[in-house]
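Engineer: Below are the chains, spelled out letter by letter.
There are 2 protein chains.
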Amino acid sequence: MKPANKNIHVVIMAGGVGTRFWPLSRESSPKQMLKITGEDTMLRQTIKRLHDFVPQENISIVTSEKQAFDLNLHIEGLKKDKGHLKIIAEPFGRNTAPAIGLAAVYLKKAKPDAIMVVLPADHSIRNEKVFIETLKTAVNCAEGGHLVTLGIKPSQPETGYGYIKTGARGKGREVRKVERFVEKPDIKTAEKYVKSGNYFWNSGIFAWKTSVILEEIKKYMPMLYNGLLKINKAIGTKSEKEVIKETYSELENQSIDYGVLEKSKNVIVVPADIGWSDVGSWAALDQVISCDANGNIIKGNAVDIGSKDSVVFGGERLVATIGLKNMIVVDTADATLVCPKEKAQDVKKIVDELKKHGREEHLVHRTVERPWGSYTVLETGERYKIKRLFIKPGARLSLQTHRHRSEHWVVVSGTAHVTKGAEIYNVHPNESTYIPISTKHRLENPGKVPLQIIEVQNGEYLGEDDIERIDDDYKR
Amino acid sequence: MKPANKNIHVVIMAGGVGTRFWPLSRESSPKQMLKITGEDTMLRQTIKRLHDFVPQENISIVTSEKQAFDLNLHIEGLKKDKGHLKIIAEPFGRNTAPAIGLAAVYLKKAKPDAIMVVLPADHSIRNEKVFIETLKTAVNCAEGGHLVTLGIKPSQPETGYGYIKTGARGKGREVRKVERFVEKPDIKTAEKYVKSGNYFWNSGIFAWKTSVILEEIKKYMPMLYNGLLKINKAIGTKSEKEVIKETYSELENQSIDYGVLEKSKNVIVVPADIGWSDVGSWAALDQVISCDANGNIIKGNAVDIGSKDSVVFGGERLVATIGLKNMIVVDTADATLVCPKEKAQDVKKIVDELKKHGREEHLVHRTVERPWGSYTVLETGERYKIKRLFIKPGARLSLQTHRHRSEHWVVVSGTAHVTKGAEIYNVHPNESTYIPISTKHRLENPGKVPLQIIEVQNGEYLGEDDIERIDDDYKR
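Those protein sequences? They're chains Y and B, same order as listed. Mind the numbering: the first sequence is residues 575 to 1050 in the numbering used here, read in order. Mind the numbering: the second sequence is residues 575 to 1050 in the numbering used here, read in order.
Simulated from the structure, these hints should not be mistaken for laboratory data. Hints are supplied without guarantee of correctness; some may be wrong.
Any copy will do: because identical chains look the same in the list, a pair fits if it lies in one copy or spans two.
Listed next, the in silico DSSO-like pairs over lysine-lysine satisfying Cα-Cα at most 27 Å (straight line) [unchecked claim]:
1) Lys-915 x Lys-882
2) Lys-899 x Lys-923
3) Lys-873 x Lys-915
4) Lys-873 x Lys-899
Here the structure is a predicted model, which means the values were calculated and not measured.
In isolation and in its complexed conformation, chain Y is listed as follows:
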């Protein structure tokens, strides 16, 4: 086994929203940032899984500008422990082809001969050792100038995935030539595919030289290539961000599969038996979490009597279920979903409904992570809003003012160090203070234990955007 290759760079695609996991996923908490499959979030698991494969500074994450701030916050701990992680922010998502092109341009500039491994941020992989071995095989093939895709050996006749038809297995080696990409099949066709042994699921995990993928993009996606050339020139200049935005606004929404791989003659498949799942919906959860004796996955504050083959994802509120069969129940602080497993794909239709009616349950959770801690909206009423603030030891919010609201703070635990106009003072548990409208203020936790504050806001307008930051440790 060769040692970890310094020339290998991993690009993690983390731009998706994962509306199929609503109400747990929100625009501000996309699927990859959720702990659906285990103790940690899918994104952090994806990064940790690479520990023996590349040093962490050789990992980049492509995401949208909108998600970049939260994502950075999300991986803060990993960065502290294991070193730098580059975030590449797209002005907005345009599917995988532009994302991969953009990452390749950055990478080629830094290391012209780099091998690029592309991984989705929100897949589950059970056999991590085999996965790393398979990636190494893929990298070896990529060094030979191929576009390499990991082909998952189908474990069941799945009709929800695209397949790759390959040639027969070559002598002595597992790697296969691609014959063609095939669309999602019907069940009978899928059964034939599984039997034949020459069909694989398209995993979205790739390896190639940056120079090779850019050449192939040039050949099959000339519009994208021209855009990437413009971006390449602008990198490091003052206009970098602007040029990327301009270029992106003219790009088509296109996947690398459709745009390049299905057309290229240079694609090979490395078969992968790695316990893979793309965890495509609530119904796929039983592929990645073990069920109880009745086939259920039951989490959180739940009481069940006699359900079978069902998913109950509760939170702090009680969810009581009786005699469910093949059902999904997901409960969050402000929204509950109930549907049969066979309708799990339609969850995105609910999100569409919410968007259409200008609602907010698809945007943010009641609890919102912040660099200084988190806040939870406990109630929103006419002219008032109540929040619980949780401030980490040593952290402080920005020095700020609000034009439309005053704030009452009651400390329930920890000590608050408060700036209010020219005054600076401490507020202890069971004490309160008041910040009038338009008064410069700052809240800080100078202590060793978390600071918890109940904030009652009063005012005509109580939106999060009524904030003017005068000074901010987090440069917002």
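With chain Y fixed as given, assemble chain B onto it according to the hints.
Structural biologist: Frame of chain Y; chain B shown alone:
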């Protein structure tokens, strides 16, 4: 038709909890106090339905001591509008025989020749006019010395009810002699019953002379009769409450049907075609509320895609449902129920589970009605609790102290008139005040609009029972 008879008294049986309607029903909000079937609660609908039958001062409600305070609060408006309503409080429930016996004793003392009509508080009756006409027929029969029960003409072969077999219809009159009471039948037997025309559902609606029912109790339930004699002697004395409690503790739990009606030779049935339902569970809701075109009953903050024949009872939080069939989803502030209609009877098993584990979701709702308004628990944390208080114009809480907690009050609307030790002052919107531990205090709304206050409690113990009332408008 004879005019309303001053000698008719209605006794409403309101001692049940209705656990089958959890999580909407709680010990403190039993089924009869819920607005399940229409704009008003079942109990208030039951009272209002009698408007053209008896004057309101001729109505008594039998309930448990535990429920009496809340029940009194619940019918306050009706008392103001239409006059006195007597509440008879049992020390604890012992089924219908003791409840009816107790009411009969009180009634006979006040009016020895009264006719007593017994109604359950939690049934639905669609044809109110026919119902009143039927009651008048029943009263006429009762005047003849019979025990009269309303027999509901079965509309479907129901296996969940007991039936009464009657003799054939007499010439020129609808009233029938009882042949026998029969247990809940299987479906085939139920179908025969419906066809025969001589079987009726046992509605629990009765009419008799108080003197007659007491005689029959004497005959068939001598133990109960002896108890009632003791109570009869104690009425009006200092030991009245004590004697009732003592007597009750020795009584068997028994229904009037089993204890008297099934044994007596003096029972007649008045057939009733009144659009009756006992609304026995969430699954029975479609008998009393009209469904939409897809057979659904959907209420509250709900978004549905393609469900059929389902009940979705939401509140303020969003409930999203997709493709449900014959399902029940009930969402409240602190608990959600999901089960198929066919399991609706098992909801009480969930309540048993909650009791067994010392939980609280079967006891009270987050929002609790009080004579002065209501409060809502927004959050309970370690050493703190947050409540929203809603105080009616002109109302005030008791003068009180707490031994274990201090309270911060932030006024969000209205004006608070605050007593704090020797100080008396007003607090306006966007102002706050602080009540230290062990300080005598009172909160009053002197204004014309509701007063809303956010209360943050701090302390080691935050139970509702940490309250010492020094003065109380509501004599608690």
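Engineer: Now tell me if each hint is right for this structure.
Structural biologist: Results for each hint:
1. Lys-915 x Lys-882: both (12 Å within a copy, 16 Å between copies)
2. Lys-899 x Lys-923: Both ways: Lys-899 and Lys-923 sit 22 Å apart in one copy and 18 Å across, limit 27 Å.
3. Lys-873 x Lys-915: Both: 17 Å inside a chain and 24 Å across chains, each within 27 Å.
4. Lys-873 x Lys-899: Both: 17 Å inside a copy, 24 Å across copies.
Violated hints are absent here; each numbered hint is respected by the structure.
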